[in-house]
Structure formats: C-alpha cells, structure tokens
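Given these sequences and hints, build the entire structure.
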Amino acid sequence: MFLIKCPYCGDERSELEFRWAGEAHIARPENIAAISDEEFAEYFFLRDNTKGVAYERWRHIHGCGRFFNAIRDTVSDNFLLTYKAGLPRQPVPGPQPVTPDAPEGGAA
Amino acid sequence: MTKKSFRIKGAGRLTPARTARFTFDGKTYTAYEGDTVASALLANGVHLMGRSFKYHRARGVLSAGAEEPNALIDVARDAARRQPNVRASVQDVFDGAIIRSQNRWPTLAFDTGAINNLLSPFFAAGFYYKTFMWPKEAWAKLYEPIIRRAAGLGVAPKEDDPDHYANRFAHCDVLVAGAGVAGLTAALSAAETGAEVILVDERAEVGGALLFDTSTMIDGRPGYDWAQDVLSRLKAMANVTVLTRTTAFGYYTHNFIGLAERVTDHLPRPGKHLPRERLWQVRAKKVIMATGAIERHMVFANNDRPGIMLASAARLYLNHYGVAVGEKIGVYTAHDSAYEAAIDLKHAGVEIAAIVDCRTHPGEAVVSAARALGIEVLTGHSVLDTAGRLRVSSMTVAPNGGNGKRRIAIDALLMSGGWTPSVHLFSQSRGKLKFDKAKDRFLPGLHVQDGVSIGACNGTDDLPALLAEAAAAGGGTLSVSGSSLYGWTGGMIGAAEGAGPETAVKAFVDFQHDVTAKDIRLAVREGMQSIEHIKRFTTNGMASDQGKLSNMHGLAIAAEMLGKDIPEVGLTTFRAPYTPVTYGTLIAHSRGDLFDPARKTPLHDELATQGAEFEDVGNWKRAWYFPRRGEDMHQAVNRECRTARETAGIFDASTLGKIEVVGPDAAKFLNLLYTNAWDTLKPGKCRYGIMTREDGFIYDDGVVGRLTEDRFHVTTTTGGAPRVLAHMEDYLQTEFPDLKVWLTSTTEQWAVIAVQGPKARDIIAPLVEGLDLSNEAFPHMSVAECTVMGVPARLFRVSFTGEIGFEINVPADYGASVWKAIWERGQALGACLYGTETMHVLRAEKGYLIVGQDTDGTVTPDDAGYGWAVSKKKPDFVGIRGLQRPDLIRENRKQLVGLLTKDPTEVLEEGGQIVADPNQPKPMTMLGHVTSAYWSETLGRSIAIALVAGGRARMGETLYVPMKDKTIAVEVTDMVFFDKEGGRIHG
Amino acid sequence: MRKYSVFAVAREAMRSHKGWEPQWVSPEPRASYDVIIIGGGGHGLGAAYYLAQEHGITNVAVIEKGWLGGGNTGRNTTIIRSNYLYEESMDIYEHSLKLWEGLSQELNYNVMYSPRGVMMLSHNTHDQQSFKRHINANRLYGIDNEWLTPEQAKAFCPPLDISKTARYPINGAALQKRGGTARHDAVAWGYARAASDLGVHIIQNCEVTGIRRGPGGEVTGVETARGFIGAKKIGVSASGHSSMIMQMADVRVPLTSNPLQALVSEPLKPIFPCVVMSNTVHAYISQSDKGELVIGAGTDQYHSYSQTGGLQIITHTLDAICELFPIFRRVKMMRQWGGITDNTPDRSAIQSVTPVKNLFVNCGWGTGGFKATPGSANLFAHLIARGEPHRLAAGLTLDRFRTGRLIDEAAAAAVAH
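Line by line, the protein sequences are chains A, B and C. Residue numbers for the first sequence follow this note's numbering, so the first one is 1 and each next one is one higher. Residue numbers for the second sequence follow this note's numbering, so the first one is 1 and each next one is one higher. Residue numbers for the third sequence follow this note's numbering, so the first one is 1 and each next one is one higher.
Among these hints, one or two may not hold up.
[Said to hold, decoys possible] Below, in silico cross-link-like pairs of lysine-lysine (DSS-like), each with a Cα-Cα straight-line distance of 27 Å or less:
1. B:K136 to C:K98
2. B:K141 to C:K98
3. B:K286 to A:K5
4. B:K158 to C:K177
5. C:K154 to B:K922
6. C:K3 to B:K141
7. B:K27 to C:K269
8. B:K54 to A:K84
9. C:K177 to B:K141
10. C:K3 to B:K966
11. B:K621 to C:K164
12. A:K5 to B:K285
13. C:K154 to B:K621
14. B:K740 to B:K668
15. B:K54 to C:K164
16. B:K54 to C:K18
17. A:K84 to B:K740
18. B:K285 to A:K84
19. B:K922 to C:K98
20. B:K964 to C:K3
21. B:K141 to C:K269
[Claimed, not checked] Covered stretches of chain A (in silico footprint by chain B; criterion: 3 or more residues with CB under 8 Å from a CB of chain B, positions within the stretch not fixed):
22. 30 to 41
23. 52 to 62
Note that these hints are calculated values from the structure, not bench results. Ideal Cβ placement from N, Cα and C applies to all residues, glycine included.
This is how it looks when you write it as structure tokens:
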C-alpha cells in the first residue's frame with residue numbers, strides 16, 4: 001500500500017485515500033471538435049505506459065478531493081515528487097533511485 | 001509406543017508443576033505448559049508425526065521452528081475450531097487440544113498411501129507431464145481425480161469459523177523483526193533514543209538462538225537471562241511495543257509491514273472477547289531486519305526417517321523444553337554448531353553414538369571438547385544411508401571416498417549442513433541479494449527501502465561485531481558485550497557423499513514435497529536451466545515451508561549439474577507471507593455486514609415496516625416490491641402497476657445520485673459535461689440530460705433542475721453517482737479550472753419521495769406550502785423550493801412513469817416523517833407503495849431507458865433514440881469528437897426499439913438474443929438482444945425493449961428470439977407502448 | 001523427439017530416468033531468421049510452434065528476456081473459458097478452448113487441461129440480465145453456457161454459501177462446463193519442446209534492446225543483449241512489456257500495465273471441485289491438483305512494472321472469498337505474487353498489423369491471456385505468416401481505436417476475464 005504525499009494537504013497518507021487517475025499532462029485538445037480520428041485516438045487512447053520514471057495523476061478522493069500530479073518510478077514504485085495540478089511538468093528531482101530486481105515466482 | 005518419558009531432570013525451562021493433557025490420533029498425552037506439540041510428543045517418545053506429500057513416507061519432526069516441513073498436524077478445540085496444516089514445532093500445547101496427524105489412511109503408522117514410495121521410480125519429477133494423456137478424456141475423468149485425492153495435506157474445515165479476528169493499523173519509527181540477540185540489542189538501542197519501537201518475534205519467547213545456545217554470555221550473563229532482562233526493560237518503556245507469537249509475514253512497498261499476531265491459539269480456554277489472531281498493518285519509518293538464520297539439513301540417502309532432525313532443534317528441545325530426542329544419538333554434520341548439540345546432550349546424560357563430520361578439518365575447539373567427553377568423532381566421514389521403518393534405527397557410515405562401511409545403531413540422528421541467513425523479508429522488500437562465495441550464502445546487498453539487516457541474517461557471525469552492528473542500527477549509544485564459547489566454522493550446500501549424480505538414492509532436498517537430489521538433476525537433464533524452471537519442474541521449495549530448508553541445496557545441486565556458479569543459476573525471490581497466514585486474520589472485521597456496508601435510504605425502515613422486499617443495487621438496498629398477504633412478486637407488481645396508473649403510487653427515489661452544481665459558470669460547465677444545452681434552461685425548469693464521455697457513448701443520464709441562475713440540482717443514476725461526480729471534478733479541476741463552479745455530492749442529504757399517478761397532486765397538495773401546484777403554475781418539468789409540512793423542500797414536477805408526477809426532496813432527517821404523512825394521505829386516496837420492479841415496468845411502458853440496463857457503454861445517444869438530446873449548436877462538449885468517429889456514425893448500428901411478442905402472453909427473457917433467421921446454422925448472426933422485458937398489466941400483454949442492428953428501419957419486421965426450448969417470434973415496434981401521445985403526464 | 005508415454009516413463013524408471021533428453025535446446029542464435037518472436041511466454045512459444053507446424057516456417061527464433069513462461073504464463077490462475085459476449089471474443093476464446101481440448105495430444109505433453117467447469121455467480125438483477133445475455137449469445141454461437149439456480153450452483157460447488165442472509169445473496173449462476181483449468185508451466189514447456197523439435201530456436205536470457213528498421217521503414221532485426229539478430233518479420237508478444245518493445249519501433253499502443261496479484265493457500269485435500277468467479281464481490285477461486293486454493297485478486301489501480309502490489313488488494317479479495325465460502329476462514333495463505341497485465345481501453349486484445357512493415361503485435365490480453373494461449377498463438381502465427389489476420393481474429397486490430405469499433409467486454413458485461 002503506497003504512502004502518498006498530497007501536495008494540497010501536505011501530508012503523507014495511505015493509498016486508501018487516493019485514486020489513480022492515469023497519465024499526467026495529457027491536455028484535452030483546444031479544438032477537439034476539429035481534430036482527426038487519428039488525433040482523437042492519440043489523445044483518448046494512446047499512453048506511454050512508461051517503465052521507469054512516469055508522470056501521472058492522482059486524486060486525494062477521500063481527503064481534500066483534489067487532483068494532483070506525481071512523478072513515480074514504475075519499477076520501484078517510489079514517488080519522486082508530487083505537485084499541484086496546473087503546474088507544468090516538473091523536472092525529476094535528485095539522483096535516480098535504485099531500481100530493484102523484478103521479483104520472480106508464481107502460481108501453484 | 002513407549003510410556004517412557006524423555007524429559008531430562010534439571011534440563012529445560014518449563015515447569016513440571018503445570019501440565020496440560022492433549023490427544024494425538026486419539027491417544028492421550030501429558031505435556032508441560034509451554035511445550036509445543038512437537039516437544040510434548042518427543043517427551044513422550046513419539047517421533048512419527050506426519051506423512052510426506054507424494055510418497056507418503058513416514059516423517060518425524062525435523063526442526064523446532066517455523067521452517068518445519070514434516071510435522072504438519074491438525075489441531076482442534078472442537079469441530080468448528082479445527083485447523084489443518086499446523087506445524088507441530090510451533091503450536092503450543094493447550095489443555096484439551098485434539099491433535100491429529102494428516103495425509104494418511106487408515107493410520108499414521110500404517111498408511112496405504114505409502115505404496116507410492118514403492119512406485120517412486122515411476123513418479124520422478126515431472127512424470128505427470130509425460131503421461132496420463134490417453135485416452136483424451138481420461139485425464140480429467142480418471143487420472144486427475146486420483147492424483148487430487150492423493151495430493152493435498154490437511155482437510156479443510158467443514159464448518160463456519162466461530163472465532164473472530166482483529167486488525168490494527170500502526171505507525172512507528174522503528175520496526176524490529178526478530179527478537180534474538182541482534183533484534184533485542186537494536187530495539188533497546190532505538191528505544192533509548194526515544195523512538196517509537198515495535199519489536200516482533202514469531203516465538204512465544206524472545207531470545208532467538210539464545211533459547212538453545214547455552215554457551216553464549218552477554219553482558220556477563222547467560223544469553224537467555226540477558227534476553228529476558230532486556231525484554232523486561234523494553235516492556236517498561238512507553239515508547240516500545242513488544243509482540244511475541246507475532247510473525248512479520250510481509251514487507252510491502254513504502255515500508256509497509258504485515259504482522260500476524262497469534263492471540264489465543266495457545267490458551268486452553270480463551271475468553272470470548274479475545275480475537276483468535278490480530279493483523280497489524282504497520283508503516284515504519286525504518287525496518288530493522290534481525291531475522292536470524294535457519295540451519296540446513298544434510299542431503300544424503302534416506303535422510304528423512306523419523307528421528308532424523310536438525311542439530312539445533314535437538315539442542316532447543318533439550319535446553320528449552322528439557323527433552324532428549326533419543327537415547328543413542330548420531331550426529332552428521334558439516335558445521336561446528338552440531339557439536340554443541342552433541343556436547344549438551346552428552347552433558348545431560350544422553351549417549352552420543354558418534355559425530356560424523358564430512359569435513360577433514362572441523363573446528364578444533366569443538367572436536368576437542370567432544371572428544372574430551374568421550375564422544376567418537378569421525379572426521380572425513382559421511383553417513384551414506386540410514387535404516388528404520390517408523391524411526392531411524394541405524395546409520396551407515398564410511399570414510400569419504402573409501403571403503404569400510406560401518407553400521408551404527410542409533411535412535412536419532414542430528415544433522416547440520418550449516419546456516420542459511422533468513423533473507424526472506426529483505427527479499428520481499430525487493431532488496432538485491434549478493435552471494436557470499438566464501439560461505440556459500442546469499443546476503444542482503446542493496447536495501448531499496450528504508451531498512452537495514454543485522455546479525456545472522458546479514459551474515460554477521462562474530463558476536464561482538466553483531467552486537468555493535470545491532471546497537472548502531474538502533475541509532476542509540478548502547479554498548480553490549482558478549483562472548484561465545486566456540487567460534488563456528490564450516491557448512492556445505494548440495495548433495496553429500498553418496499548422493500551424487502552417479503547414484504540413484506533418495507536423498508531428500510525438499511522433505512514435504514519429496515524432492516530428491518536426483519529429481520533436481522533430472523530437471524537439469526531435461527533442459528531446465530533457470531532455477532525457476534527447476535523449482536517448478538520438481539516443485540522444490542513450493543511446499544508450505546516455501547523452501548526455507550531446501551532452496552540452497554536445490555540451487556547447489558542444479559549449479560553443479562549445470563557446471564555454473566550459484567549466482568548464475570539464480571535464487572528464487574521469496575514471496576510473502578514468510579509463514580502461512582490465516583484468511584480470517586487478513587479479513588479481520590470485514591465479514592457479513594462489514595464486508596461491504598449496505599447503503600440504506602433514510603426511508604428504509606419505513607419501507608421495511610410496510611413489508612418491502614429489498615434488492616441489492618450496487619451497495620444500496622432498494623425496495624423491490626411490496627407484497628401483500630398471499631401475493632407473489634408477479635401479483636404484487638401487477639397490483640402496484642395498476643394502482644399507480646389508476647390512482648397513484650409512492651416510491652422511494654432517495655438512491656438517485658444528486659450533485660449540486662453551483663457558481664456563475666454552472667450553466668457553462670454543464671454545457672461542457674452534458675450533450676444537451678443548458679444556458680437555455682430557465683430557473684424553475686428541469687431538463688433531461690445525457691452525459692457522454694469523450695468516446696461519445698452514454699455514460700449517465702438524469703433530470704437536471706435549475707433552481708436559480710447559478711444553481712443546478714443534478715440527478716444521476718443510482719449506480720452512477722460517484723463516477724459522475726469524479727468525472728465532473730476531473731474536468732472542472734484539470735480541464736476547465738477557470739470556470740467558477742463548485743460541485744457537492746448531495747445524494748445522502750436528500751430523502752426523495754416520488755408520487756406518481758392521476759391523484760399525485762391531490763395527495764401532496766395539502767402538504768405543500770407556498771407553491772401553486774396547478775398545471776399552469778407548475779407544469780411538467782418544473783422545479784421549486786418550498787416547504788412540505790414545514791420542512792424545507794425541493795419539489796420537482798417530473799415523471800418516470802408517464803403519469804403526472806412529483807419528486808419531493810426533503811432533508812434526509814425529515815424523510816421518514818414526511819414519508820409517513822404522504823403515505824397516510826396516499827392510503828386515504830387509494831394509492832399504493834411501489835418498488836423498483838414496478839418502477840421498471842411503468843417506465844418501460846413509456847419507453848424510458850435505464851442507463852446500464854438498456855445501454856451498456858457501447859450505445860450512443862442516437863442509438864438510444866435520444867439524438868435530439870445532443871446539441872447541434874454547441875461548439876464543444878465532452879463527447880463531441882468521439883461521436884463523429886467512423887464506427888459511431890456508420891449505418892446499421894444497434895438501436896433501441898420496442899419488441900412485441902406475437903404471443904402477447906409470452907414475456908421475453910432479458911438477455912435473449914435476436915436473429916432474423918432462427919433456422920440458420922450455428923454460429924448464428926445475432927442482431928441484438930432484449931434489454932428489458934416485462935408483463936404489462938396496464939396493456940394486458942408483454943412488452944420489451946431491445947437493441948437491434950438497424951432497429952429503427954425495421955419497424956413492423958418480424959424477428960426471432962431463439963430460446964433453449966423454443967423460438968419466440970417478435971415484431972419490431974416503437975419503444976413507447978402506452979399513452980403514445982403523452983397526454984397523461986400533463987395531468 | 002522422444003515421444004512421451006507411460007511406456008517411456010516406465011522404461012526410464014528402470015534406469016533412474018537418465019535417458020531423458022532436454023525438452024528444448026538453446027542453440028547459439030543465427031545471424032538472422034525468417035521470423036523473430038519477442039517474448040517467450042505461452043503466446044510467443046505457441047506462435048513459433050504454429051508457424052513451424054502449420055505454416056512451414058521453421059527458421060524462427062523466440063527471444064526471451066528472462067526464462068520461458070516466467071511472465072504472465074507462470075503467474076496466472078490458469079482459468080480457461082470461452083463464454084464471452086461479443087462475436088470477436090467468442091471467436092478467439094472458443095477457438096482457443098477447442099485447441100485446449102486436444103493440446104496435450106497435439107504437443108505430446110500433458111498440459112492437464114481439466115474441464116471442471118467455470119461458474120460465475122450472479123448476485124443481483126443486473127448480473128442476471130448480463131449473464132443471460134451471455135448464455136443466449138453463447139448458445140446461438142455454439143458455445144456451452146447454462147443458467148443455474150442457487151440450489152443447482154450449490155450442488156455443483158458444495159462449499160458455496162447460498163443463504164439469503166449473505167451480504168450479497170446469490171440469485172443464480174452461469175456455468176460453462178467445458179471451462180476449467182490447465183497447468184500453466186506445462187503450456188510453455190510443451191510448446192517450447194514441440195517448437196524446438198521443429199527447428200525453432202529458443203533463446204533465453206536475451207533482452208531485446210532495439211528494433212532495427214530498413215530504408216523502407218520495414219523491420220530488419222533486433223538489437224539484443226547478445227548482439228544484432230536479423231529478421232524478415234517480427235512478432236511482439238511481450239504482455240506487460242509490449243508498450244516498451246513497440247516503442248522501440250516508434251509505435252504507440254493503447255496499453256496500461258497494471259499489477260495483478262494472486263495467492264495460493266496451503267495444500268488441502270479436495271474440497272473445491274470447480275472454478276468459481278464472482279464479479280460483484282470481486283473474486284475467483286479454484287483448487288489446484290496439488291490441493292492449493294488458487295485465488296485471483298484484483299488489479300492494483302496504478303500502472304506499474306514492479307510485479308508487486310498492495311496488501312489491501314489481497315485482504316479485500318479474501319474478504320470476498322470468505323463471504324462466498326465462510327468455511328475457508330481458517331485456511332491459510334501460503335504464497336502471494338504479482339504479475340503485470342497489459343490492459344487495453346476496451347479490455348479486449350490487440351492482434352494486429354502495425355504501421356511498421358513486417359512488425360506484428362499480440363498484446364492487451366489483460367487478465368484473459370492464459371485461457372487465450374493456444375488460440376491466440378495459433379492466430380498470431382497466421383497473421384505473421386500471411387501478413388493479414390485470420391478471420392477469427394479480424395476484429396482485434398489496432399485500427400479499432402481510430403474507428404471506434406471497440407469490443408467492449410468490460411462495458412458490456414462488467415465481467416472480469
């Protein structure tokens with residue numbers, strides 16, 4: 001269970017209070033009615049699904065209710081930064097964290 | 001079985017004065033309080049405690065801890081409180097315990113399953129992949145049932161568990177896992193800094209290895225005494241929580257640790273208030289892993305007979321429980337620690353037949369000490385085999401590589417292959433392991449979470465170094481001194497002498513799963529090169545002990561066979577839990593009503609009083625219908641429908657989602673979120689709205705009332721309320737943040753009472769104050785704020801039945817009293833209560849759709865016949881572009897239409913599929929499906945709504961709904977079945 | 001290839017099983033292949049097998065970053081069924097189920113396909129409408145699926161609680177009798193052995209780091225940890241990692257990789273005869289041949305490649321399991337683990353040509369990949385060999401996200417795979 005710092009509340013809280021809300025910094029096209037089918041598919045469906053440092057949105061749904069952005073390493077699941085919605089894409093802070101090995105193991 | 005006691009006078013720490021009686025396979029035994037089942041049985045001379053998984057070989061207890069693979073028992077207080085697969089080495093004896101052995105028939109001593117042992121040449125690893133394939137059906141019908149019956153260990157409980165369980169969330173600065181010498185030191189060091197500390201240990205007592213290691217002195221005292229002293233100091237500190245009988249079973253992301261505390265399983269008569277077990281979910285700023293090491297067995301022929309066990313286990317049974325595991329004991333070792341077991345036993349008066357050490361140069365100190373006691377030490381020798389059916393009776397010893405076999409009579413054999421650091425938690429934390437080639441072991445390398453490993457699990461063998469490391473890890477200035485009598489050397493992994501690749505002996509690597517060294521070699525021979533493949537092919541390490549003893553041996557044997565270094569072959573990552581955790585513990589309170597608390601409307605009790613049958617709709621309980629005496633559902637619904645159409649019906653609509661949309665830009669916002677136009681809606685009026693997502697498919701619908709210029713009362717479907725609000729918030733906060741709009745969920749703030757039918761106005765009019773309800777003043781699709789019986793209310797003139805209708809919203813707390821008054825008025829005028837079923841019928845008669853029933857996430861507004869609700873003028877709304885995609889504007893999309901069965905008495909099945917030609921071969925081309933189907937009492941016939949390809953162009957066409965036993969002919973019609981002109985709604 | 005049989009096993013038993021050959025060989029890679037499959041799971045190995053067996057293309061390599069079957073093939077809960085709603089789904093899953101029924105014989109490898117029945121529990125009117133829609137569609141399509149009353153469901157699965165006082169009482173169930181389970185590792189190994197026998201190269205521990213393109217934009221091979229390996233055609237079948245591989249060829253795919261967890265209990269004597277799924281309470285369960293209760297947990301909400309997930313997902317799943325089967329509260333969880341599922345927006349797979357010439361992709365199987373293994377592999381081989389999809393997989397194109405012609409099993413039914 002993640003521990004997530006809400007940039008509005010300033011607190012680290014359990015993941016149970018949050019909802020993941022997909023990749024960050026995907027703006028709705030201003031002229032959405034005029035874009036092509038390809039551009040619409042790009043906007044609505046295609047995602048980077050980054051392995052490694054990814055920008056994503058969360059919502060502190062059982063807290064302040066605000067959407068915010070986060071930078072998380074999707075291999076270690078460590079949060080590198082959370083920041084308020086509306087701010088531009090923030091640089092990745094500090095030294096890159098250690099990437100753990102993928103665990104093995106499986107079913108019966 | 002002998003009646004003799006194997007308790008050694010003066011040995012151990014248990015009190016003979018306090019005894020407990022228990023039965024094992026029906027026979028009564030006496031134990032001391034504090035005994036485990038294993039120590040108690042051993043004290044009674046019983047070694048045979050289980051049967052293995054595959055070959056049903058007789059097995060005794062191998063260990064004295066959580067790593068036990070053999071002695072798995074069934075422990076019961078009564079029929080319902082029965083627990084299979086319990087480790088005898090961990091379970092405390094309590095007075096009255098009913099213990100049974102497992103996986104044997106008819107008895108543990110005579111088990112017919114042991115025939116598998118004779119057939120074992122056939123049952124090599126992976127044999128089942130190569131056979132049981134003919135004939136084709138025989139696997140599932142014949143072979144598999146036989147295999148399943150033979151497999152499995154314990155028998156699952158048959159009754160509902162009467163015990164209860166608890167859950168605690170906790171935060172701490174330091175969590176210390178393991179209360180051995182390292183963990184105690186670290187915990188004390190941390191506690192002295194004032195840090196919040198939680199110290200856990202899986203055993204009943206703290207001390208770890210100090211429980212058996214009587215030759216270690218710490219701070220000038222015997223280690224065990226020191227440990228108890230530290231414990232009392234810790235317990236006296238307010239910032240420390242000590243949890244014994246508690247296993248740190250999982251180390252999850254962001255320093256989140258799962259603990260399982262066993263609260264009552266050791267108590268003879270636990271109080272009812274006590275939970276059986278408690279789950280702790282701990283978020284620690286720092287985790288100190290002091291998880292120790294586990295002794296390995298030796299891999300040699302027939303190393304699994306009852307009486308053969310780990311040397312440290314025998315030492316613990318002697319030094320802690322006061323039990324000698326035999327009278328004439330052999331030792332087979334590759335590590336110095338086993339000598340200490342022999343020395344302790346010899347001191348206690350037990351005969352040591354010989355210490356067989358495969359090394360030519362063991363630690364001199366232990367050899368001298370043993371020889372000084374007159375123990376025969378055979379260095380450079382190995383045990384090649386053992387004998388004995390239900391208990392080991394002899395070992396065959398020979399010099400390494402030479403001749404001169406010697407058979408030595410014994411009744412127990414202690415083994416030590418050295419010690420494997422317990423890196424399970426570290427591995428779960430996703431730390432990277434490193435291989436210590438000098439000592440053939442994996443040790444914690446890089447910690448990737450805020451954790452640190454200390455002591456034996458970190459490979460720190462030297463006691464002073466360990467104490468310093470532990471004190472430093474705790475962050476304090478504590479200084480502890482300690483000394484051991486002997487330094488330990490040695491250790492081996494892999495097959496011992498006489499069990500090499502050239503042999504065909506059964507040298508067990510994984511006891512529970514009967515995996516032998518030759519099975520592992522077979523896996524390699526068959527091309528399995530990764531340790532994961534070898535594990536899966538042989539099932540090595542996959543038993544309930546999860547490879548605590550077997551993993552390193554298996555790896556070494558595979559590496560040797562592959563001619564590779566051990567790290568190249570790899571180590572299986574350990575997965576949680578460290579030891580098995582009861583489902584009940586993980587669930588804790590989440591059962592029954594607390595599994596998923598039911599949502600009830602403010603009117604729920606009133607409805608129940610009136611005899612409502614309820615149905616689950618999402619997590620809501622909704623009144624389904626109101627049967628009168630003798631009525632079945634069908635009759636009740638028919639009556640409710642008839643009454644509502646002829647007189648009036650009263651309905652609890654409180655579950656409808658409600659969102660208050662407020663602000664100067666509220667209309668602009670709704671314009672963007674709904675397909676309809678809202679700026680044209682005047683205050684005091686309502687409009688039906690359709691919401692799509694960007695993809696253009698119907699997401700939700702509902703009536704929206706405009707109360708004032710800047711205030712809208714939005715309703716959503718019952719199930720859709722949370723996601724609609726989230727969807728709105730998402731756009732408001734992130735796409736349209738400049739709009740001045742505030743959103744508030746008001747679903748639970750309002751009780752909503754719908755009154756529908758020709759007499760609806762008559763019923764409510766006397767109760768409504770300050771509002772003219774006439775058609776002229778308050779026509780259909782009006783909304784107003786007023787008071788009802790003095791209660792502030794929002795009154796909607798809306799209809800989901802096609803009749804004149806009102807929905808009265810009053811604050812939830814007033815709901816019941818207003819409801820009662822309306823019901824009283826309604827009864828007087830001949831109205832009825834109706835539930836969701838009647839609501840469905842009435843709306844279907846009018847062709848009103850239900851999102852989620854008549855639509856399914858693939859239906860556009862136009863498909864549903866609501867193309868009119870999509871504004872053609874707005875420059876933008878969510879869904880505007882998605883709706884224009886090629887597939888959404890193509891011909892022949894599925895459209896909602898009405899269906900009338902040719903036989904009016906036939907009610908279609910919701911979910912029935914529609915075809916044009918019922919006689920076509922399968923797979924048939926299906927045109928769509930029936931989304932709603934009811935008996936319409938009003939029309940005296942059945943009606944249905946369906947999604948049909950090109951449906952609106954098929955009016956009057958005959959289509960077919962093929963059922964299992966018949967084919968139903970239907971005619972495609974308009975969706976409005978009743979009052980097509982719509983006059984009734986205007987009353 | 002030495003044929004496996006009871007006689008072969010008996011013969012080997014006489015000589016301590018020392019005569020068995022490696023099930024597959026791992027040769028040095030050639031300079032180039034006609035086809036390279038990226039991803040050595042069941043789908044990739046199966047595709048290689050069918051390329052060789054059905055299309056005569058034997059100059060094939062399967063390149064796997066880790067060990068065969070170590071991804072979702074070895075991490076799933078092995079449920080097999082074909083009672084899906086849409087024709088596109090029924091086509092591929094039923095094709096798959098039919099292949100499952102003869103797979104042990106086809107591969108001469110016992111994959112332990114066990115049609116013990118997959119029962120989906122209905123808890124409310126909405127479930128019932130949805131299940132009947134499935135049942136009727138399945139029947140008209142020639143796929144078995146039947147409605148059971150609560151009493152019939154209980155008779156089929158005795159541990160089930162059908163009392164009316166349950167939090168979510170059961171009002172019926174949909175049963176596909178031909179559904180069941182299989183042995184996951186055996187599927188990967190069986191395909192690997194059969195493919196290897198036909199000349200396919202199986203290259204493990206070899207990570208693909210790039211996809212090389214020719215002047216016309218077509219693929220020419222892959223960069224790997226062991227150097228460049230040429231290929232006329234490339235098929236990507238890398239489940240959770242498909243996004244990363246496709247990005248090497250500058251192709252974006254609509255995937256989100258989510259953690260999916262599962263767990264097993266300690267081994268128990270037979271107590272659970274079938275597979276049971278409940279979407280309303282979010283749980284599915286069966287019992288393995290070894291006696292472990294195999295339980296699928298839910299998907300963690302975020303995208304991740306960590307192959308781990310939160311404890312709250314596990315506990316919530318067990319809440320649901322014990323709500324349905326209260327007698328299991330004293331059973332113990334023995335092991336939990338996680339995999340990475342690749343989920344598409346419509347929860348249906350992608351098996352498609354791509355904008356890059358001679359690059360084909362098979363991904364997006366989400367939580368349904370295991371049951372699809374033989375069918376997907378078989379049709380993916382067809383796609384790679386012919387350059388165009390088989391009729392049965394024609395709807396699984398990438399292009400559907402442009403046109404909007406989605407196959408929305410999730411929206412239509414809200415039934416987990």
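Exercise for the section: Measure nothing beyond the straight line between the CA atoms of K285 (chain B) and K84 (chain A); if it is 27 Å or shorter, mark the hint as holding. Expected result: Roughly 25 Å between the alpha carbons, so the hint for K285 (chain B) and K84 (chain A) holds.
Practice task
Assess, step by step, whether the Cα of K922 (chain B) is no farther than 27 Å from the Cα of K98 (chain C), and give holds or violated.
Solution key: 16 Å, holds
Exercise for the section: Measure nothing beyond the straight line between the CA atoms of K177 (chain C) and K141 (chain B); if it is 27 Å or shorter, mark the hint as holding. Expected result: Roughly 13 Å between the alpha carbons, so the hint for K177 (chain C) and K141 (chain B) holds.
Handout entry: Proposed proximity, K84 (chain A) with K54 (chain B) (alpha carbon, max 27 Å)
Key = 58 Å, violated
Handout entry: 27 Å Cα cutoff - pair K621 (chain B), K164 (chain C)
Key = Roughly 14 Å between the alpha carbons, so the hint for K621 (chain B) and K164 (chain C) holds.
Problem - Agreement of K740 (chain B) and K668 (chain B) with the hint, judged by alpha carbon distance not exceeding 27 Å - result: Roughly 10 Å between the alpha carbons, so the hint for K740 (chain B) and K668 (chain B) holds.
Practice task
Given the hint that K54 (chain B) pairs with K164 (chain C), test it: the Cα-Cα distance must not exceed 27 Å.
Solution key: Violated - the C-alpha atoms of K164 (chain C) and K54 (chain B) are around 41 Å apart, more than 27 Å.
Problem - Assertion that chain B covers the stretch 30 to 41 of chain A - criterion: three or more residues, beta-carbon distance below 8 Å - result: holds (count 5)
Handout entry: Proposed proximity, K98 (chain C) with K136 (chain B) (alpha carbon, max 27 Å)
Key = It holds: about 13 Å lies between the C-alpha atoms, which stays within 27 Å.
Exercise for the section: Decide if the proposed pair is consistent with the structure: K964 (chain B) and K3 (chain C), CA atoms, cutoff 27 Å inclusive. Expected result: Violated, at roughly 44 Å.
Practice task
With a cut-off of 27 Å on the C-alpha distance, tell me whether K154 (chain C) and K922 (chain B) pass.
Solution key: 31 Å, violated
Handout entry: 27 Å Cα cutoff - pair K141 (chain B), K269 (chain C)
Key = 18 Å, holds
The structure fails to meet hints 5, 8, 10, 15 and 20 from the earlier list, while all remaining hints are met.
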